[in-house]
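> Starting from the given sequences, assemble the full structure and let the hints guide the process.
Residue 47 in the numbering used here sits at position 1 of the sequence shown, and the numbers go up by one each step.
Incorrect hints may appear among the rest.
Stated by the list, open to error - Derived Cβ-Cβ restraints for the label pairs, each shown as a range:
id, residue 1, residue 2, range
1, 149, 83, 35 to 41 angstroms
2, 78, 118, 29 to 35 angstroms
3, 142, 80, 36 to 42 angstroms
Stated by the list, open to error - List of simulated lysine to aspartate or glutamate pairs, EDC-like, C-alpha gap at most 16 angstroms:
id, residue 1, residue 2
4, 158, 71
5, 64, 76
6, 144, 116
7, 127, 71
8, 158, 61
9, 66, 50
10, 93, 79
11, 99, 116
12, 119, 103
Note that these hints are calculated values from the structure, not bench results. All C-beta atoms in this analysis are idealised placements derived from N, C-alpha and C, irrespective of residue type, glycine included.
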Amino acid sequence: MLKESKAFSGFSANDTQKAKAFYSDKLGLDVTDNGGMLTLHLNGGNKVIIYPKPNHEPATFTVLNFPVADVDKVVDDLTAKGIQFEHYNFGTIVTDDKGIMRGNGPTIAWFKDPAGNILSVLQDT
Numbered sequence: 047m048l049k050e051s052k053a054f055s056g057f058s059a060n061d062t063q064k065a066k067a068f069y070s071d072k073l074g075l076d077v078t079d080n081g082g083m084l085t086l087h088l089n090g091g092n093k094v095i096i097y098p099k100p101n102h103e104p105a106t107f108t109v110l111n112f113p114v115a116d117v118d119k120v121v122d123d124l125t126a127k128g129i130q131f132e133h134y135n136f137g138t139i140v141t142d143d144k145g146i147m148r149g150n151g152p153t154i155a156w157f158k159d160p161a162g163n164i165l166s167v168l169q170d171t
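In structure tokens, the structure reads:
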């Protein structure tokens, strides 16, 4: 029934104008704004929507993953743009000084958007 549907994901933000600036200026994504409803235009024609929600509560899990060829380079580039990476040290989830987890699954680093949503860059394999 839905096999042919081009599905997409979405999540909320409490300030879509801050989100728009972050996703376009900091991450370099193409973003369209339709009355406060944002669409992120991703590689390969994929889309994600970000919708306004005044009582937004950020998810406690990763809502969007960006596979990249070189996690270290992307972390350095995003850090230079003012993005702070999360640092974890619990159980098997341990990040280094740059905020990168290595050797426990894919190399991955997590960061947050202005609404507190968790995003990641991870090694494209």
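> Now tell me, hint by hint, if it's right for this structure.
Structure-based check of each hint:
no.: 1; hint: 149 <-> 83: 35 to 41 angstroms; in the structure: holds, 40 angstroms
no.: 2; hint: 78 <-> 118: 29 to 35 angstroms; in the structure: holds, 31 angstroms
no.: 3; hint: 142 <-> 80: 36 to 42 angstroms; in the structure: holds, 40 angstroms
no.: 4; hint: 158 <-> 71; in the structure: holds, 15 angstroms
no.: 5; hint: 64 <-> 76; in the structure: holds, 15 angstroms
no.: 6; hint: 144 <-> 116; in the structure: holds, 14 angstroms
no.: 7; hint: 127 <-> 71; in the structure: holds, 9 angstroms
no.: 8; hint: 158 <-> 61; in the structure: holds, 14 angstroms
no.: 9; hint: 66 <-> 50; in the structure: violated, 30 angstroms
no.: 10; hint: 93 <-> 79; in the structure: holds, 13 angstroms
no.: 11; hint: 99 <-> 116; in the structure: violated, 34 angstroms
no.: 12; hint: 119 <-> 103; in the structure: violated, 31 angstroms
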